[in-house]
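Protein chains: 2
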Amino acid sequence: MSERRPTVVIVGGGFGGLAAAKALRRSPVRVMLVDRTNHHLFQPLLYQVATSTLSPAQIGSPLRSILGRYGNITILMGEVTGIDLERRCVVGNNADRQQVPLPFDYLILATGARHSYFGHDEFAAHAPGLKSLADAAAIRNKILGAFEQAEAEDDPSKHQDLLTFVIVGGGPTGVELAGAIAVLVGKTLRSEFRRINPASARILLIDRGPRVLASFSERLSAAAKARLERLGVEVRLGSSVEHVDEMGAVVNGERITTRTVIWAAGVAASPAGKWLQAPTDHSGRVRVANDLSVPGQPNVFVVGDTASLDEDGHPLPGVAQVAMQQGRYVAKLILRRLAGQPAPPPFRYFDKGSLAVVGKGFAVLQSRKVRLSGFVAWLAWAAVHLEFLGQSNLRVSVFVQWVWTYLTGTRGSRVIIESSAPPTCPVPTPAEAASPKSGP
Amino acid sequence: MSERRPTVVIVGGGFGGLAAAKALRRSPVRVMLVDRTNHHLFQPLLYQVATSTLSPAQIGSPLRSILGRYGNITILMGEVTGIDLERRCVVGNNADRQQVPLPFDYLILATGARHSYFGHDEFAAHAPGLKSLADAAAIRNKILGAFEQAEAEDDPSKHQDLLTFVIVGGGPTGVELAGAIAVLVGKTLRSEFRRINPASARILLIDRGPRVLASFSERLSAAAKARLERLGVEVRLGSSVEHVDEMGAVVNGERITTRTVIWAAGVAASPAGKWLQAPTDHSGRVRVANDLSVPGQPNVFVVGDTASLDEDGHPLPGVAQVAMQQGRYVAKLILRRLAGQPAPPPFRYFDKGSLAVVGKGFAVLQSRKVRLSGFVAWLAWAAVHLEFLGQSNLRVSVFVQWVWTYLTGTRGSRVIIESSAPPTCPVPTPAEAASPKSGP
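Chains as they are written, first to last, in the numbering used here: chain X, 140 to 579; chain Z, 140 to 579.
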């Protein structure tokens, strides 16, 4: 054990990769954790950054401040481009664009998933998704910027386009975004503009299926939909987005003119399946064995959103709990194997339940036995998310912000920060003092 | 008074513009406040965002949340491109790049200043300055990214270049940045890396003059320099930066290889002087009359960093206090003139004193009678900055963060957020397990 510790390379510092790394701390392996960013992202609250309640740093914890004190863990910020299974190397680019290999004895791929444009990747330019802090900052700039542009726009006929927000996808992310935008316009921004009425904003939530929050019970889906509609959100079910461009979207043949389309639909797994040349499901997730290893590669594991595993005939959902439990499972399996102990029983997901927020002070909660909607579910949501947020200083600051926002409507992070050159925004003629020389 | 209220256009929501707008709230004028961003920036703490102690939102307050509740104030986010004095219009571009005029009866220009590259604007690409939240985020990414790149770099000979930080300018911004970087590497990052020792970072502070903090007394300058040196900062006085490129800087003929040069020197005023075609000083500041009006334009005023005014034979310094007092003065003057009252006496600056922080728990304080350096000055600095920060929720969150950082060394905002595509960073071979097939 003392001579040469085996190396476990973990790619991805999300819920799955971080859980594996934590379970391997202070153990007789060297851990190399590779991530494109320097932080673990608490994705369940990303919509609150996109709607300016929380700051990016409140849900992004530097991987080094979580794991840096454990001497057997090395953290590398970098981009993985492939895997060489023969030589047992992860391959990445260095700063000079040269390929450099990172050898492993065990490999855990926890590279996650993004949303899917269902074959229409050209929508991406006009309908950003929400997966990273950069995404959230871009969407926040877009939403807040729309109100600024409308206020500075002389021509009232352009106001409604600017104040129309289309959210594609009725899963938890879409529902939470739509509800948060509704509260933003109805409470926070209400009395701060002179030429526009923020509360006149139109918020549309589009989904192909027959109900929102399809993974919840029908009763909870209906409760969420009713709550969204009470907040002023137009919920359009059974509706397909056929086209998106800079002028708006086409939904079931109808053109909706808007400057803001946000994409929260579909799942496209990371390219881990391509790296491994392993069988994948229709979303690109690697079909793993019931010990989460890649068939034929007993030392290579895939966990979380980029793994595909059925349990009792149903695929496991792409949620944080699955990824965390899988990360811990693989860490335990590796340590047992190294200690010469028998393998653990096949992976089983323990479903602790699901939660989704709708607007302010309202959530839906579904666990094995409980179905709950309303304020109590929202308290449960808040408690669970604070519990899982991890670092105690973040817990305190998020809790304080939530109480503050709940009581006053004030958001914590309403700055528009454009990188590099500031945008050229309109400085209009006030309508009530139009310049005499304007006109054709 | 009831028929048509005169319009006061204020360009710039910094200390001067915001003070003027606040002083005109609930008064018998219409106020149009135009800013390129949506927030008032508390610039004195910008270096703490650049060194990852504070989040951008902790020092950026939306102008609408400060002023939005006053019905006579309209806030417009936009870019001003010129002034038409004949037609009494501020000219800006709208979203379609058409010029649109904004008529005024009174105009207050509070458009600030940037740093100056002393005629070498080509340095800008490699030596960013620190004036906006976007600047601070870029510098934070650069500093934190340098440590990430070094940790991921196989070749130890490249480590020292990455871990060398050159700060140009020994004024308060340069001194505060250098001290904060020294504390960052010596405390926060100390034990989180495996291949590099963050404490081995080299921090250079360069200034052309004979001492740092030249606006303070000689004794305080010497105390600040001694403190910087104790923190490990190399202070190079009487040194000129002759060249900056992607490989580093040339200082007094010596090439210093580094990836990080930060520019905190010089003053270049906004183009307000050009817009007005008014006489300016060598930094481009508009020479104003002693009531802050532009000579020959009794209804046009310039305040803050973009105004040039001598008092007792010395030019007023470019600090927040001057801008705020000038903004309030002009607001008062306009209201008196509208009310038919006599003009106020010429503007006089009341100097409440100056403060600068050096590292952790140490500041220098200079006011009319007091000269102080050390911990007590630092407490005074903290109290004054919390007092002036404005909104009470920000005060609380900044105070809590400072206490937390002081006690634990933990920073509040250490996320690297790259806009759009993630950077390609190195994934190296671990030095201790080099691939057998590497080499020429």
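Mixed in with the good hints there might be a few duds.
Remember, identical chains collapse to one label, so a pair may be satisfied in a single copy or spanning two.
In the DSS-like style, the derived pairs of lysine-lysine whose C-alpha atoms are separated by at most 30 Å in a straight line are [claimed, not checked]:
{"hint": "1", "residue 1": "K326", "residue 2": "K508"}
{"hint": "2", "residue 1": "K161", "residue 2": "K326"}
{"hint": "3", "residue 1": "K491", "residue 2": "K413"}
{"hint": "4", "residue 1": "K281", "residue 2": "K270"}
{"hint": "5", "residue 1": "K297", "residue 2": "K508"}
{"hint": "6", "residue 1": "K508", "residue 2": "K281"}
{"hint": "7", "residue 1": "K161", "residue 2": "K281"}
{"hint": "8", "residue 1": "K364", "residue 2": "K508"}
{"hint": "9", "residue 1": "K471", "residue 2": "K297"}
Treat the hints as calculated values from the structure; they're not laboratory data. Quantities reported herein were computed from a predicted structural model and do not represent experimental measurements.
A quick look at each hint next to the structure:
| no. | hint | verdict |
| --- | --- | --- |
| 1 | K326 with K508 | neither (35 Å within a copy, 49 Å between copies) |
| 2 | K161 with K326 | between (41 Å within a copy, 23 Å between copies) |
| 3 | K491 with K413 | neither (32 Å within a copy, 65 Å between copies) |
| 4 | K281 with K270 | both (16 Å within a copy, 23 Å between copies) |
| 5 | K297 with K508 | neither (50 Å within a copy, 58 Å between copies) |
| 6 | K508 with K281 | neither (40 Å within a copy, 50 Å between copies) |
| 7 | K161 with K281 | between (36 Å within a copy, 28 Å between copies) |
| 8 | K364 with K508 | within (22 Å within a copy, 66 Å between copies) |
| 9 | K471 with K297 | neither (58 Å within a copy, 38 Å between copies) |
Violated hints, listed in ascending order, are 1, 3, 5, 6, 9; each of the other numbered hints is respected by the structure.
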